[in-house]
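2 protein chains.
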Amino acid sequence: MKKSIGTKPIEYAYPLPVFVVGTYDSEGKPNVMTLGYGGICCSAPPCVAIAVSKARYTYRNIAERKAFTISIPSEKYAKEADYIGIVSGKRVDKFAATGLTPAKSDLVDAPYVDEFPFILECQLFRSVEIGSYTQFIGEIKDMKVDEDVLTNDRPLIEKVKPLIFSMDRNTASYYRVGTNVAIAFSVGKEIEKKSGG
Amino acid sequence: MKKSIGTKPIEYAYPLPVFVVGTYDSEGKPNVMTLGYGGICCSAPPCVAIAVSKARYTYRNIAERKAFTISIPSEKYAKEADYIGIVSGKRVDKFAATGLTPAKSDLVDAPYVDEFPFILECQLFRSVEIGSYTQFIGEIKDMKVDEDVLTNDRPLIEKVKPLIFSMDRNTASYYRVGTNVAIAFSVGKEIEKKSGG
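Sequences listed follow chains A and B, in order. When you number the first sequence by our numbering, it's gap-free, plus one each residue, and the end is 200. When you number the second sequence by our numbering, it's gap-free, plus one each residue, and the end is 200.
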């Protein structure tokens, strides 16, 4: 039996990603913000969408610089990722406060977090006004990963240890990725064979 | 030391959601497809974006019916979710093949998977052409959840048991959500106090 729970909060809906978005402001000061509203939205060109409200410092930075990065924090940086989502770059230097290092992308006009294991470098492809949020679609120019999370040149999720975000009881929480349930594009073939289609 | 890995496959980037998208075709036949390209993109109005390539049966269905649902499979339905992502609704009736039940939304012109614990009912809000994919932004009209995953009217992620999708070694896999790492909007306050801002 299903029950209606309305639409607040929508963060109940599924495990959201934890994206730390890096930008430069008009003076070249690096900033980061943490968000969960985003996801891949195209393969050719490879694009990722993030949603940012107009009030955010990051909004102005992306509008001006036409670029951003996404740094994926590993679970040992949960505290830093959370702090980056709590405070505004208008008031504080989040890199200084956390001790994290801004690294300049060599491909797009934005900084990333050098300590985080997985980086997407994005050129602004399109902006879409939705309502309280603007969606910035970024074309992914490259992905950079720490060598120590690679095995045979492939990043392993067990080594990257990304966080996921979800509502839990009375608050929101960061979760780790759990164990493997099944192989994709494979386990479903049993049904295909049985049903003959 | 970071290493460039290019942009293929982009599914390396972070744990993607597993969305089973429900639509009706022009004859009213219910269809479902599984995708990982999507995410929340606005809070007011509450919106979720999914990216679908033009070749897909779902593309035509959403363009015609202006509505879709997202059914979140729990981990015990990994096989069904995978099958739904492998085959096309042009050829087969995926509900019949899996034995899953199409339930008609009372709010939007689309069916959802009755056996899955978490449902988003979406009215098409905007379509955004990107490249090989079209992004459909849906306004979430309601979320419906199985009563047995609720505690004090809140869905618990430990009971919903959603899947996440990621690349792993030579293939892609479904993972379960792991244990809680930290409380959000809380653990970062230690840095805020220490840094005074």
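These are calculated hints, taken from the structure and not from any lab test. Worth double-checking, as some hints may not be accurate.
Put simply, identical chains are the same to the list, so a pair is met inside one copy or across any two.
[Stated by the list, open to error] Cut-off 25 Å, straight-line C-alpha distance, at most; resulting in silico cross-link-like pairs (PhoX-like, lysine-lysine): (1) Lys32 with Lys5; (2) Lys32 with Lys11; (3) Lys164 with Lys93; (4) Lys107 with Lys5; (5) Lys93 with Lys144; (6) Lys197 with Lys144; (7) Lys144 with Lys32; (8) Lys192 with Lys107; (9) Lys107 with Lys196; (10) Lys11 with Lys144; (11) Lys5 with Lys93; (12) Lys79 with Lys164; (13) Lys162 with Lys32.
Against the structure, the hints come out as follows:
1. Lys32 with Lys5: between (49 Å within a copy, 23 Å between copies)
2. Lys32 with Lys11: neither (35 Å within a copy, 31 Å between copies)
3. Lys164 with Lys93: Neither: 30 Å inside a copy, 38 Å across copies.
4. Lys107 with Lys5: between (49 Å within a copy, 13 Å between copies)
5. Lys93 with Lys144: So lysine 93 and lysine 144 fail the 25 Å test inside a copy (28 Å) and across (34 Å) alike.
6. Lys197 with Lys144: Result: close neither inside a copy nor across copies, 42 Å intra and 36 Å inter.
7. Lys144 with Lys32: within (22 Å within a copy, 40 Å between copies)
8. Lys192 with Lys107: Intra 45 Å, inter 27 Å, cutoff 25 Å: neither.
9. Lys107 with Lys196: Neither. Shortest intra-copy (51 Å) and inter-copy (28 Å) distances fail the 25 Å Cα cut-off.
10. Lys11 with Lys144: For lysine 11 and lysine 144, the Cα distance is within 25 Å only across copies (11 Å; inside one copy 35 Å).
11. Lys5 with Lys93: Cα proximity of lysine 5 and lysine 93: none, with 44 Å in one copy and 29 Å across.
12. Lys79 with Lys164: both (8 Å within a copy, 23 Å between copies)
13. Lys162 with Lys32: neither (31 Å within a copy, 43 Å between copies)
This entry does not satisfy hints 2, 3, 5, 6, 8, 9, 11, 13, going by the numbered hints stated previously.
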